[in-house]
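Trainee: Read off the chains here:
Number of protein chains: 2
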Amino acid sequence: MKNPKISDTVDAVKTIIITVGAELTSGHTINTNAAWMAKALEPLGLTPERVLTLRDDVAVLAREIRSAVKTHDIILITGGLGPTHDDVTKAALVKAFKTRLVRDGGALAGVRRFFRGIDRPMAPVNEEQADVPEGFDVIRNRYGTAPCLYKEAGKASLFALPGVPFEMKKLMKTEVIPRLKKRVSTGFMARTTLRTVGIGESALYTLVEESGVVDDNVELAYLPYFGQVDIRLSATGETSAAARRAVRSVARKLDRVVGQYVFGRDEQTLEEVTGEILVSRGMKLASAESCSGGLFASRITSVSGASGYFLEGVVAYSNQAKVKRLKVKQSTLDRYGAVSAQTAAQMARGVCATSGADIGLSSTGVAGPGGGTKEKPVGLVYIGLCCNGAVETMELNLGMDRNRNQQRTSSEMLAWLWRVARDL
Amino acid sequence: MKNPKISDTVDAVKTIIITVGAELTSGHTINTNAAWMAKALEPLGLTPERVLTLRDDVAVLAREIRSAVKTHDIILITGGLGPTHDDVTKAALVKAFKTRLVRDGGALAGVRRFFRGIDRPMAPVNEEQADVPEGFDVIRNRYGTAPCLYKEAGKASLFALPGVPFEMKKLMKTEVIPRLKKRVSTGFMARTTLRTVGIGESALYTLVEESGVVDDNVELAYLPYFGQVDIRLSATGETSAAARRAVRSVARKLDRVVGQYVFGRDEQTLEEVTGEILVSRGMKLASAESCSGGLFASRITSVSGASGYFLEGVVAYSNQAKVKRLKVKQSTLDRYGAVSAQTAAQMARGVCATSGADIGLSSTGVAGPGGGTKEKPVGLVYIGLCCNGAVETMELNLGMDRNRNQQRTSSEMLAWLWRVARDL
Numbered sequence: 129m130k131n132p133k134i135s136d137t138v139d140a141v142k143t144i145i146i147t148v149g150a151e152l153t154s155g156h157t158i159n160t161n162a163a164w165m166a167k168a169l170e171p172l173g174l175t176p177e178r179v180l181t182l183r184d185d186v187a188v189l190a191r192e193i194r195s196a197v198k199t200h201d202i203i204l205i206t207g208g209l210g211p212t213h214d215d216v217t218k219a220a221l222v223k224a225f226k227t228r229l230v231r232d233g234g235a236l237a238g239v240r241r242f243f244r245g246i247d248r249p250m251a252p253v254n255e256e257q258a259d260v261p262e263g264f265d266v267i268r269n270r271y272g273t274a275p276c277l278y279k280e281a282g283k284a285s286l287f288a289l290p291g292v293p294f295e296m297k298k299l300m301k302t303e304v305i306p307r308l309k310k311r312v313s314t315g316f317m318a319r320t321t322l323r324t325v326g327i328g329e330s331a332l333y334t335l336v337e338e339s340g341v342v343d344d345n346v347e348l349a350y351l352p353y354f355g356q357v358d359i360r361l362s363a364t365g366e367t368s369a370a371a372r373r374a375v376r377s378v379a380r381k382l383d384r385v386v387g388q389y390v391f392g393r394d395e396q397t398l399e400e401v402t403g404e405i406l407v408s409r410g411m412k413l414a415s416a417e418s419c420s421g422g423l424f425a426s427r428i429t430s431v432s433g434a435s436g437y438f439l440e441g442v443v444a445y446s447n448q449a450k451v452k453r454l455k456v457k458q459s460t461l462d463r464y465g466a467v468s469a470q471t472a473a474q475m476a477r478g479v480c481a482t483s484g485a486d487i488g489l490s491s492t493g494v495a496g497p498g499g500g501t502k503e504k505p506v507g508l509v510y511i512g513l514c515c516n517g518a519v520e521t522m523e524l525n526l527g528m529d530r531n532r533n534q535q536r537t538s539s540e541m542l543a544w545l546w547r548v549a550r551d552l
Numbered sequence: 129m130k131n132p133k134i135s136d137t138v139d140a141v142k143t144i145i146i147t148v149g150a151e152l153t154s155g156h157t158i159n160t161n162a163a164w165m166a167k168a169l170e171p172l173g174l175t176p177e178r179v180l181t182l183r184d185d186v187a188v189l190a191r192e193i194r195s196a197v198k199t200h201d202i203i204l205i206t207g208g209l210g211p212t213h214d215d216v217t218k219a220a221l222v223k224a225f226k227t228r229l230v231r232d233g234g235a236l237a238g239v240r241r242f243f244r245g246i247d248r249p250m251a252p253v254n255e256e257q258a259d260v261p262e263g264f265d266v267i268r269n270r271y272g273t274a275p276c277l278y279k280e281a282g283k284a285s286l287f288a289l290p291g292v293p294f295e296m297k298k299l300m301k302t303e304v305i306p307r308l309k310k311r312v313s314t315g316f317m318a319r320t321t322l323r324t325v326g327i328g329e330s331a332l333y334t335l336v337e338e339s340g341v342v343d344d345n346v347e348l349a350y351l352p353y354f355g356q357v358d359i360r361l362s363a364t365g366e367t368s369a370a371a372r373r374a375v376r377s378v379a380r381k382l383d384r385v386v387g388q389y390v391f392g393r394d395e396q397t398l399e400e401v402t403g404e405i406l407v408s409r410g411m412k413l414a415s416a417e418s419c420s421g422g423l424f425a426s427r428i429t430s431v432s433g434a435s436g437y438f439l440e441g442v443v444a445y446s447n448q449a450k451v452k453r454l455k456v457k458q459s460t461l462d463r464y465g466a467v468s469a470q471t472a473a474q475m476a477r478g479v480c481a482t483s484g485a486d487i488g489l490s491s492t493g494v495a496g497p498g499g500g501t502k503e504k505p506v507g508l509v510y511i512g513l514c515c516n517g518a519v520e521t522m523e524l525n526l527g528m529d530r531n532r533n534q535q536r537t538s539s540e541m542l543a544w545l546w547r548v549a550r551d552l
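Top to bottom, those sequences are chains A and B. Under the numbering used here, residues 129 to 552 are what the first sequence spells out, in order. Under the numbering used here, residues 129 to 552 are what the second sequence spells out, in order.
There's no promise every hint is true.
[What the hints assert, rightly or not] Result set (PhoX-like, lysine-lysine): computed pairs, CA atoms no more than 25 Å apart in a straight line:
| hint | chain 1 | residue 1 | chain 2 | residue 2 |
| --- | --- | --- | --- | --- |
| 1 | A | Lys142 | A | Lys301 |
| 2 | A | Lys412 | B | Lys452 |
| 3 | A | Lys279 | A | Lys298 |
| 4 | A | Lys223 | B | Lys142 |
| 5 | B | Lys455 | A | Lys455 |
| 6 | B | Lys223 | B | Lys198 |
| 7 | A | Lys226 | A | Lys279 |
| 8 | B | Lys142 | B | Lys297 |
| 9 | A | Lys310 | A | Lys279 |
| 10 | A | Lys412 | B | Lys455 |
| 11 | B | Lys301 | A | Lys457 |
| 12 | B | Lys223 | A | Lys142 |
| 13 | B | Lys301 | B | Lys279 |
| 14 | A | Lys455 | B | Lys457 |
| 15 | B | Lys412 | A | Lys455 |
| 16 | A | Lys452 | B | Lys457 |
| 17 | A | Lys198 | B | Lys452 |
| 18 | A | Lys309 | A | Lys198 |
| 19 | A | Lys297 | A | Lys167 |
| 20 | A | Lys452 | B | Lys412 |
| 21 | B | Lys452 | A | Lys457 |
| 22 | B | Lys452 | A | Lys452 |
| 23 | A | Lys297 | A | Lys279 |
| 24 | B | Lys412 | B | Lys452 |
| 25 | B | Lys142 | B | Lys310 |
| 26 | B | Lys452 | A | Lys455 |
| 27 | B | Lys167 | B | Lys309 |
| 28 | A | Lys297 | A | Lys142 |
| 29 | B | Lys279 | B | Lys297 |
| 30 | B | Lys455 | A | Lys452 |
| 31 | A | Lys457 | B | Lys455 |
| 32 | B | Lys142 | B | Lys279 |
| 33 | B | Lys457 | A | Lys412 |
| 34 | A | Lys298 | A | Lys309 |
| 35 | A | Lys198 | A | Lys226 |
| 36 | B | Lys279 | B | Lys310 |
Hint data in this document are derived by calculation from the structure and do not stem from the laboratory.
Bound conformation, chain A alone (with noise of 0.2 Å):
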């Protein structure tokens, strides 16, 4: 463990967010507030140090919160403020503070306002929305009846906001980010990320510490998922200048050595950055999908702009599609079966020729969980790629899974397709 962590060097302020509500305890919901929020606080140089999920219970929630404003210097709170029994944010500031619930006038007009905004009545429990602890300052939400709360608590800068997503970002873009700004300025952190498809994150790691790049100042982190690691580089330096140059000299570097495999930085996907590829090429592009199941076509469609270069799909599930759809020869299925490399490569190249497109991708499998056997065994898949003529097959030996399956076999065809279309 040679880099410094950046808990070491960033951390003079420390965060935490709490996230309260049983939806997200229980799973039902995907704690996506708390992601958002960790990200909205990078430019500030800030890095949650932790993030609690609680259910609606005001004394585990008041007992977190006085642990919090004794070992953090920023708390954020999202979650428990509506007006139904079990938002207990309020009664838990009110444990964890030793004080009590007043009427804010403000609030009140606030939460009437809203409801004549929307021309609906008010129920008398959105009333008791205006009353907030006593100590606490009011953030006016213009997006909805739950009030922001701020307080300075020690050292600590605590804020209460809704859960709802949409008044919880409007409230931390309007009124929490700027306060922070003013408390924070550590600034001096700067990041980039290499995306990287076609290595395991073992071999990729190996590479990069093999190389020697490696530099005691810039933080490396490798990212897995479905078939691409990230590689995280972070530097804190004096000047702002000096942590974005660490960052930039360890990518150059980087790039030198495993630069082969890099796709794109930061937010860049790799169906974005092929799509990019395609235009400037000026290629065209089709698919020919059997056991991907239109996967792949809906990745390449995600993409705005992807009318431009992809001209059509063909989800060739029954034999009879690959063979009326895709001019695949009805004696090569016999012969060889649907998943082939020769059904793989006929499928590319039928697909390019009744399209008219430059570049073709296919997939033949066996998906699973059933249909395999002992020849062609769950997870076997032949991908084929067809380039102004040229088709090239490759195989895949997969797992048991039928929709990893699918997701890896369309990560593969577009990786496949990244290296192809660059290489032109």
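Please arrange chain B on chain A, whose structure you already have, making use of the hints.
Mentor: Structure of chain B alone, referenced to chain A:
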């Protein structure tokens, strides 16, 4: 608060989920693992009391583990078991339990087997993955290189799982859940979920509340997502049979009130249910997608056995593909445009005619963010359905977000297909 909170009744066994990784605290990865794990615990009557997300910091993680062992009965940790320097969970376990790392023969053999299986060379760093904290049981991970660790510590059962979602899920299902089942026997809780489509959350809520079928002993929760709303029924009882009886009784009454919207129960998906209906009717399906870009076909083929009813799909992105593959008339495109009810109708009819399917679904629209005009703004979508020769179309007015529009379009196609197939 009429219903007893679940937390009041079943927290004899206190559970905590600890997820580890800077990619989670920083918000660069959304914490779907925690949600998945919590849902997987639900059938055991366990709801996590808290979810804690931490960066890769040995000292902090060790402290939290020591604390959790005192306060919780079940501790599930994911992440930080990989081969790179930012994988700190084993070091934290060593520190928390004042033990040391020892190389585990079984685990080493497992890692070697894994690399032989995928036919890739094994990096030296992977050997270290067989080092485990002394005193822990090693649960073999057949799906990756990081072993799963298990320890009974005082009254707590602690499991450390890899953070790769696929590996974590497989290990949870095959190893962790079965062990936990033996340990907990809360038993006296019953749950069922009615899954609906084609009605909004508020309308559904109003229908149910006004029907008077609500029962004080059965708690209802409304869980909306992408055009579907789940109604979850939970009851606790003095015996397991009593709890099940209470839930069944309310579910039956609800079925009379909102049954027309209910497509399935519990884990059933709309894709699966629709597939089963098509199989039972002996009907064949085909799709002709423009703006949904293959997502509908991809969702249909996500179901094992889809090849029994899904013949083929065409992703007709270009006008040429619409004409050549689907027999849409050039005059229709000229007169009404590609985004029109007329084109959607011809696409649906065309894919039935060219594939021989009994039912064909189509989509054409402005997915955005580019391509909108005053007459045809972003979010305007037409979908078509051809069944046994008769065609209908539907106009959707969606929002500005491309991926959401594609998702919503495919959901509406699927919901329509289900309704039509069910009522045949």
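Trainee: Which of the stated hints cannot be reconciled with the structure, identified by number in ascending sequence?
Mentor: 11, 17
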